[in-house]
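Top to bottom, those sequences are chains A, B, C and D.
Quick note: the first sequence uses UniProt numbering, first residue 1, plus one each step.
Quick note: the second sequence uses UniProt numbering, first residue 1, plus one each step.
Quick note: the third sequence uses UniProt numbering, first residue 1, plus one each step.
Quick note: the fourth sequence uses UniProt numbering, first residue 1, plus one each step.
Be aware that a few hints might be false.
Cut-off 16 Å, straight-line C-alpha distance, at most; resulting in silico cross-link-like pairs (EDC-like, lysine to aspartate or glutamate) [unchecked claim]: (1) A/K185 / B/E111; (2) C/K259 / C/D449; (3) D/K201 / C/D449.
Quick list of the computed label-pair ranges, beta carbon to beta carbon [as the list claims (entries may be wrong)]: (4) B/M1 / C/A79: 41 to 47 Å; (5) D/T223 / A/R174: 52 to 58 Å; (6) D/V52 / A/D56: 50 to 56 Å; (7) B/D121 / A/R26: 44 to 50 Å.
To be clear about the criterion: a stretch of chain A counts as covered by chain B if any three or more of its residues have a C-beta under 8 Å from a C-beta of chain B, and this derived list gives those stretches [unchecked claim]: (8) 207 to 213; (9) 321 to 334; (10) 349 to 360; (11) 370 to 381.
Since the hints were made in silico from the structure, they are not lab data.
A virtual CB, placed ideally from N, CA and C, is assigned to each residue, including glycine.
Residue-level listing of the chains:
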Amino acid sequence: MIVKDAVCPFCGCLCDDIEVEVEEGRVVAVTNACELGTTKFMGEKRMKNPILRDGDRWKDITYDEAVRYAADVLLEAERPLLYGWSGTHGEAQCVGVHMAELIRGVIDNTSSVCHGPSILAIQEVGHPGCTLGVVKNRADLVIYWGSNPIDAHPRHLSRYTRYAEGFFLENAFRDRKVIVIDVRKTETANIADEFVQIRPGGDYAVLSALRAIVQGKADTIPRTVAGVTREQLVRVANLCMNAKFGAVYFGLGLTMTQGKYKNIRNAIELVSELSRHTKFTISAMRGHYNVYGSNEVNTWMTGYPFGIDFSRGIAFYNPGETTAVDILARKECDAALIVGSDPAAHFPRKCLEHLADIPVVQLDPYPNATTAFCNVQIPVAVTGIDAEGTAYRMDGVPIRTRKVLSTDYLSDEEVLARMYARMQEVLEQ
Amino acid sequence: MTFLMLTGRTVNQGVTVENKTSAEYAAETSTCFMHEFDMMELGLDDRDTVRVTGACGEVVMRAAASPEVEMGTVFVPYGPYANHIVAAGTRSTGMPDFKSHKVEIEPTDEEPKLVHELMEDLGGLAYDR
Amino acid sequence: MTELLVKNACVIDPLRGINAEVMDIAIRDGKIVEEVSDAAEVIDARGMLTMPGGVDSHTHICGTKVNFGRYMSPEDMRAGRTPRRGPLHATSGYSVPTTYGNSYRYSVMGYTTLLEGAMAPLEARHTHEEFTYTPLQDTMANTLFDGNWGIMEAIHDGDIKRVAAIIAWTLSAVKGFGIKLTNPGGTEAWQWGKNVSCIRDPVPYFEVTPAEIIRSVVEANELLHLPHSVHLHCNNLGTPGNYSCTLGTFGLIPDLNEKRQTLYATHVQFHAYGGSGWKDFCSKSEPIARYVDMRPQIVMDMGQVMFGRTTTMTADGPMEFNLYRLHHEKWSNHDVELETGSGIIPVIYRRKNLVNSIMWAIGLELALLTKSPWQCLLTTDNPNGAPFVKYPEIIGLLMSKKYRDAEFATIHPDTEARVPLPAIERELDWYEIAVMTRAGQARALGIQDLGKGHLAPGADADVAIYPLKIDEVDPSAEYQKVIDGFSRTEYTIKRGRVVARRGDCLVHGTNATFWVKPKVPENYDMGKDPDFIEKFDRYYTVRMSNYPVQEEYLARNRCIETEADL
Amino acid sequence: MKVTLAMKPAAKGFIPIEAESIVPKNFLAGTDLLVWRGNRELRLDEVFSVSVEGEADRAEGVEVVLSGETFRLKRVGEYMDGGKITVLGGIGMHCGNFMSGGTIEIHGNADGWLGREMAGGTIICRGDAADYCASGYRGGRKGMKGGTVEVFGHTGDFLAESLAGGTVVVHGDAGDMPGAEMRGGTLVVDGDCSRPAANMKGGSCYVYGTARGMLPTFKKIGTVQHEGRTLIQFAGDLANRGKGNLFVKGYEYLD
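My request is simple: use the sequences and hints to build the entire structure.
If you want it as structure tokens, here you go:
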């Protein structure tokens, strides 16, 4: 059987033109997807059943036992942390929010270690953005700043920018200029028309300088700014102002370096400044296929996109305090539920040391690094492969992922709903 | 020698990220990409092992030359090896300094650990080693 | 079978011409019925004012733009935070509350049906997801067609039937209710950073004018026999002197429908400005109201501004950018490929600001000067003019000259010379308020036949009982009692169940979504039209098969089928 | 009246305790107050040994003394409008949030958000203060609007972010981006810092040490004499059409 227009559950591009060939309950071929997506569709080695850590060994348990254990451990906690959520569908995320509310825990998603700083910046100055198709059809200038799509979002260039055709561009490849700005000369830099190499930690200064140049104050700028000559900065500013439609795509090169969200704020303010001259937009290269969805769901249900603390019943938001890395490193939680992410692979070691000390429950289809810190892991279906549900693309477009094969695994939503029901039952008693 | 360590995504990291118990994932995320001159200075050949020491620990990786890396900096794909030495402080933003970490690098005879060994060092229990 | 009997209700039900009659209302299984058995649960309304559940025909509560307003505004979320309590979920927010916050606060005010004013088709799924989490109201979404490439091309080709066919396909696909045009043509121009100034400016590249878009889409709307008329946010919102553009727009509209208006013009306050700039900015509510008085084919809503902070959000991207340049506060914009756009900025309307004071007066003037309350409905364009929780205060202002004068004394002193408000003596009565907050809204939306906005047997049992004895309260003098009464119902009944009582919601509910599915002949089915499919595949970034919103997204599915004349 | 609160050793030592009820005014009506540990509500005396000496009839007559392991204690002195709080050790996040009057003196270190959105009164921190000292809240509203914060040690990053009024003095070094987005008030850093006054709109920022990573969008005006020091004066931040004043003893660009 061939499933057409399947939706790739890997990165924030959420490509929805994938053809998946399924034979005897297995994916045997994948067309149109990049290497990352193909590998995910072809993934093997699922965990077969729920497991419980019993001293120095692992024990198989039933789903009912696992659900009961998970619910009870989280209910007992004085400050449970519910973390992850980017690797699952929106319907499951909704149950997660209700759960956090019910047990008065902290709910955070992977954006806190990804584009959380971008969100903090947007909360200060807003966000002039657009859907990917607007860029594809109109943009004659695309800037990748601190992002490396060839490695992280491989089809971004072919679907939306460098190699994409566009309604208003006669010859898109020729008429569309690409600027790459980075501290490393990445693969993406090699396909750029202009590469601007910044000294590490210098993004903010370069952004400020560009803003001043766009305002006509080039003469006040020093001869070099963070390794970039004033001449090049003026050239880049002119390219921007002379574009009919410019689009900036930024990545973790801005969110993870010194100043964090202030870098993004500065980039957004540059785009707002350019909007006085021509059309300009800016967008984050969101990582997980549904990290944006977890921000959306959290926002409409709690008012905040990530890092929400329900300890006091009402929602409290303060990234840096209510975000997962801070809470774990400061040992401020006493149980954790992990869904759709792998913090043990992606968090600093100090966080893992605390995970080792508290009860941890994980919902994940595969054994992963976090498995080692679990008291219970419950295997679930993979959204986009054997479960369906809503995901939000990096530009906010919601797409329903498809189920391409049937397995006996429960979806995240189903397992969470069972845990939630158990919690309600216990609380009512 | 002191370096600035950056971390980031690579295609190979992405391809292996859903199978974290695999040797391929361990190999990719324990690679320390360096400028060839820096490697010469340290007397390193490709795939030689190095001890990388950060503010809060040390980890053994394999060095590999990369034309994308500037002298004085190293690049390590996201994953458990880099995170073994990344400090957890976020400057109260929620985000650790994943892309700006000062590290010391020296040659070593030790081999990189496996992912599950790193996890066990921190108090975890490997599942299907 | 569940039965409920509301006894001794002082009913105002304008769609049935009932004005303050004390009567009983019988309810069975969520519908109004002639009578119920003796086993029915009884609520004694003790002569309190009882009306059909409130209907808001233009509000922004769910979807991409609204959620972005929340996302960018943690400072707004610091107000209005409540914890989870029994069946009720936590809420946050003041001008852009969470979905639960919206739903509970509307319910406490007796509102049971809401129309989301602007849904971009490409992002429709998001709106529907949020509807699901708006549990205590029924909802419907106006769907944006202001910058739709296919429609502009068909208009350019003079093919109205194709315009209708594209609308039909899109509404069915995205589960939309009505047609919304926001600054028609302007949102497409804005994707180049440009705008159109009024109805005669051609849209770049597409070479059609806003006037052509409006007229064609109005015709198409009637070919499709949609329940609602075209719902228009005129060009040139918020600029001095724009009233002439508004009048020019109204002049385009023929009278094509016997049952309802042919054009619904929304938040007209923002389109009723005189002057040549901010210095001589003034009210032009009088010519607008006079014009509407003579044109039964036009219904408008107020878009009242109230003082305080709020968040403005609209599909009108260029207008928001101009606002941003005035305020230099945070600004968000979101253009949607081949379709439309949106913009958001937070604002504070200040009493001491002359322009804001004039805006406040204009909204009230429109409601007081328009003869028929059926033609000027009560809204704030929530949250653009003010959050909807201000509705009771607006009702108070409309019912009391004394209250208006007291407020007028606190606003910018130069306002008096710029607005006719101080000279207007009219005070609206209870019946007129009922028209402007439910009956008129239901008729304008074309949902009275679906059991909304009235209490005839067969109607949805959505009832609001307010703690007001209208023969004991003089609204002209005791306006505070009016405000308090409309702020919290004694009972709000939704689908036959008491959902709110004296300011508290009591239960969780399930939202129903109304949407339209026009039946078109095979040759007008865009799902099979090769040219439509080819353009879709080339220029959208979503596959056509992944575009339609699946019925799974509708908690309760109220599909309205129409027969198109194509 | 002197209220002494000695923190008892806790079973779950790392779960933060939120104690916005610890404000001098509240003790006028007794010590029957509540605090929260995670999602559990506790009586004040479950967490502290409480003792009261003397009497008072207004907040100004109340001094609250906190001792023990109070570095995890959050929100102490929130909305305080008079009286005094003395912390013998360190204090947790959000101490003195929204404070409008009175004095808080901390003998140890203060965690993040010390004096956030403060409107008046005085905070003295004898040790170090962590990030976001005297700052605003998420969403970019005005930060501190009035009052005084004085830190004798060092501070973390984002000191006095969005400062709109009042005075902030740090005798040690400050971290990255002190005075970011400031639009009013006065910020003084006796030691070094990096990237001061980024994107400033107004107000005055003094750095008596060296400003590292000096931003390229400040325009050099000349030198001025200030309290016996020769400082270099800059105007900016030009990127933000700002009209603020930045005075530094020395500076280095990241060039």
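For each hint, the structure was consulted:
no.: 1; hint: A/K185 / B/E111; in the structure: violated, 30 Å
no.: 2; hint: C/K259 / C/D449; in the structure: holds, 11 Å
no.: 3; hint: D/K201 / C/D449; in the structure: violated, 58 Å
no.: 4; hint: B/M1 / C/A79: 41 to 47 Å; in the structure: violated, 54 Å
no.: 5; hint: D/T223 / A/R174: 52 to 58 Å; in the structure: holds, 53 Å
no.: 6; hint: D/V52 / A/D56: 50 to 56 Å; in the structure: holds, 52 Å
no.: 7; hint: B/D121 / A/R26: 44 to 50 Å; in the structure: violated, 36 Å
no.: 8; hint: 207 to 213; in the structure: violated (count 0)
no.: 9; hint: 321 to 334; in the structure: holds (count 7)
no.: 10; hint: 349 to 360; in the structure: holds (count 8)
no.: 11; hint: 370 to 381; in the structure: holds (count 4)
Hint violations for this structure: numbers 1, 3, 4, 7 and 8, all remaining hints satisfied.
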